[in-house]
Amino acid sequence: MRKYLTRSVALIGAAALLTLGACATEREGAPAADTGAGAAPAKGFAADALIGVALPSKTSENWVLAGDLFTNGLKEAGFTSDVQYAGASTTVADQQAQISAMVTKGAKVIVIGATDAAQLTTQVKQAKEAGATVIAYDRLITNTPDVDYYIAFDNFKVGQLQGQALLDGMKAEKPEGPWTVELFSGSPDDNNSGVFFNGAMDVLQPLIDKGDVVVGSGQTDIKQTAIQGWKAENAQQRMDSLLTSTYNGDKKLDGVLSPNDTLARAIITSVKGAGKDIPVVTGQDSEVESVKSIMAGEQYSTINKDTRKLVAETINMVKSLQAGNEPTINDKDSYDNGQKVVPAYLLPPVIVTKDNAAESYANDPKLAPLTQG
Amino acid sequence: MSRIKDLQKNLFGGTTSNARQFGMIFTLVAIVLLFQIWTDGLTLTSGNLIAVVSQYSYILILAIGMLMVIVAGHIDLSVGSVAAFTGIVVAKAMQEFSLPWPVGILLGLAVGALIGAWQGFWVAYVGVPAFIVTLAGMLLFRGGNQYIGNADTVPVSEGFRTIGAGFLPEVGPNTGYNNLTLLLGLAACAGVIWRELKARQTRREMNADVAPMWISVLRMAVMVGVIVFATLRFAGGRVGTSLPISGIILIVLVLAYSHYTRNTIGGRHIYAVGGNSRAAELSGVKLRRVNFLVMMNMSVLAALAGMIFVARSSASGPQDGLSWELDAIAAVFIGGAAVSGGLGTISGSIVGGLVMALLNNGLQLEGVGSDLVQIIKGLVLLLAVAFDVYNKSQGRFSIIGSLMRPFRRDDPPPPTDRPSPSSDADKAPVAG
Chain A
1 MRKYLTRSVA LIGAAALLTL GACATEREGA PAADTGAGAA PAKGFAADAL
51 IGVALPSKTS ENWVLAGDLF TNGLKEAGFT SDVQYAGAST TVADQQAQIS
101 AMVTKGAKVI VIGATDAAQL TTQVKQAKEA GATVIAYDRL ITNTPDVDYY
151 IAFDNFKVGQ LQGQALLDGM KAEKPEGPWT VELFSGSPDD NNSGVFFNGA
201 MDVLQPLIDK GDVVVGSGQT DIKQTAIQGW KAENAQQRMD SLLTSTYNGD
251 KKLDGVLSPN DTLARAIITS VKGAGKDIPV VTGQDSEVES VKSIMAGEQY
301 STINKDTRKL VAETINMVKS LQAGNEPTIN DKDSYDNGQK VVPAYLLPPV
351 IVTKDNAAES YANDPKLAPL TQG
Chain B
1 MSRIKDLQKN LFGGTTSNAR QFGMIFTLVA IVLLFQIWTD GLTLTSGNLI
51 AVVSQYSYIL ILAIGMLMVI VAGHIDLSVG SVAAFTGIVV AKAMQEFSLP
101 WPVGILLGLA VGALIGAWQG FWVAYVGVPA FIVTLAGMLL FRGGNQYIGN
151 ADTVPVSEGF RTIGAGFLPE VGPNTGYNNL TLLLGLAACA GVIWRELKAR
201 QTRREMNADV APMWISVLRM AVMVGVIVFA TLRFAGGRVG TSLPISGIIL
251 IVLVLAYSHY TRNTIGGRHI YAVGGNSRAA ELSGVKLRRV NFLVMMNMSV
301 LAALAGMIFV ARSSASGPQD GLSWELDAIA AVFIGGAAVS GGLGTISGSI
351 VGGLVMALLN NGLQLEGVGS DLVQIIKGLV LLLAVAFDVY NKSQGRFSII
401 GSLMRPFRRD DPPPPTDRPS PSSDADKAPV AG
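Taken in order, these protein sequences are the chains called A and B.
At position 230 of the first sequence (counting the first as 1) the number is 230 in this note's numbering, and the numbers step up by one without a gap.
At position 420 of the second sequence (counting the first as 1) the number is 420 in this note's numbering, and the numbers step up by one without a gap.
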């Protein structure tokens, strides 16, 4: 037993020595670079470096697709990738922990599709201090000076395309104005709602001023047109009351500006319910049901934001960072997150109508079959 | 022979077996070592340890309150919602009335106390089961969060963020470490040694069995070793980091509540109520007051946890607090509390919480997806409690005892006839 004792004491002693020896401080080198004065661009890094990708929970097909594309794309480009989804029930906390873990593992670039864009300040700062480059993917991370780049589809352009599609559609039905329209916009608590709406008004406002386009109800303010929570039922309610208040006689409604597909279908349902002719209705997101509706000649247009392209561009950005180059930026002053104006790379969205649907979705295995015949 | 027995009897401070707790300490060490090797040493780096503490401190704070609730024989499902509700109230109040942040924290604690009083009232004085009251609270306060916050994310001020994302300042000479963290570590070492010597003295004065000196020395050496290691790690992170403020809040709470539940009359009453409420009431314990205070205390801690999370996230959002109650409850059960109440310790729950935290962290470092992490955590919870239930049906045994059995055939087999579970002395938790 004495032997056991001596042995155990020796063991504990050795363990203690080991732990102390392993205690090299991580404070070597100069203190972290000043984050305030325009962080110097990374001078490149190893070609097989770790790239972290933190995405929201797997509840939407779009994110699952993005995750797969990132995993394969980064691998093909020679990087080590770590693609993580937040858990479905604990999204924010999960994403925070995942980003911290990526920082610990020494990721050189962290691409973040935020679950809640305002709740990542601490983690983004941590990443920045550890020398990682942070790219906000699709959703701009707010309230922090530590986001380096933002990559997304050009939402103002989405609005412009919707406005233009509305005009084109109405012209096809009735070559001469004036046209009577109604306007809808997205949820008031979503930053993007205003961007879409302003884009569309950029096209429509001159015609409204000229009198070529008439808003039947006179509701042109974004507060009046907003649909709380992007909810179909709210859009349907608003459309129902517009129909009763403004279009009860034989007054004809020529077009409806709708910011996305869900609302567009709700609007169409409402119009059908009232027994009216379906007006020209715009949309966005290329939802399956809406693509069917377009092919059936009900909804007029939608917008295709190809996730494949967005991911490919993000990976290009990572590649130029790896080579030590400044990545391509095409918008230096529109995206203010409350702390800094984030340099952005914006991709052009594509408008889709019945005419170009087959061509637009040719690469999409899910939507392509819907456009046949 | 006797040395092993001494060791077994004294090293972790108890004679009665507390198998789950021993088991969990070993599991914790095993998990740390496993991931330390698996992640090529990333797990025990300063940066990672600091991240783990600030990520999970709010869950551990909830576990403290939850342990007391569960020991008293109740459950609280509302903690996540209460945390989210408090978070949004505080964030909104600070934003709209530009309150200074310390006032915001006081407001948050007051909101927690009010909510706690509301739930405590229904549980203790009306007699609605806590499960129902807090299920209602879960809906009530989640709805309240969305009603007040408009499902929006509300940012909080820089000062407020200190409690969730803050670190100790860098003061004094450049030692290559965070000096204040070093001082805290030193104080902790002194505290451990003082406590050990004091305990020996007390036992001697009471003519009780005093553990052999070498056991005390060994125990002190192990604890001091762990503290020194942790201190150097936390002090040796990137400049500007240290032991997180939220970690310090957690440590203070753990020490205070451990003392309360172990060494004060009020604390022991909770165990008495949970063990056998009838007997406790007959022997003069004010049943209603104990229940009321336990529920109220839980909500205050939930409010604090909510504020720490908001501070760390720098904003209060509609998804705060989702399924925190489950994490806290899991920590408590993994840490050795009994489902029927009356058993469990604060330190056990903290160990249970750390097991979950390090498991989570290690798997994330390995890049395991959150789907698999959830599956693994679920299995760990199930196995930990199944282990406990199995032990009970077999009569108690200690892990150490079973490991040592081959070496001591002369000993009688472990007793199979357990005394009835309501005997309070038997239930008294012992590990430190």
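Among the hints, a few may not be true.
Claimed, not checked - Taking lysine to any residue pairs in the SDA-like style, the calculated list, with each CA pair at most 20 angstroms apart, reads:
1) A:Lys58 / B:Ser323
2) B:Lys92 / A:Lys105
3) A:Lys58 / B:Ala136
4) A:Lys105 / B:Ile375
What the hints assert, rightly or not - Chain B stretches covered by chain A per the calculated footprint, using a threshold of three residues with CB under 8 angstroms from any CB of chain A:
5) 110-121
6) 303-314
The hints are simulated quantities; they were obtained by calculation from the structure and are not laboratory data.
Glycine residues also receive a C-beta, built at the ideal position from the N, C-alpha and C atoms.
For each hint, the structure was consulted:
| no. | hint | result |
| --- | --- | --- |
| 1 | A:Lys58 / B:Ser323 | 17 angstroms, holds |
| 2 | B:Lys92 / A:Lys105 | 36 angstroms, violated |
| 3 | A:Lys58 / B:Ala136 | 29 angstroms, violated |
| 4 | A:Lys105 / B:Ile375 | 23 angstroms, violated |
| 5 | 110-121 | violated (count 0) |
| 6 | 303-314 | holds (count 4) |
Violated hints for the displayed structure, listed by number in ascending order: 2, 3, 4 and 5.
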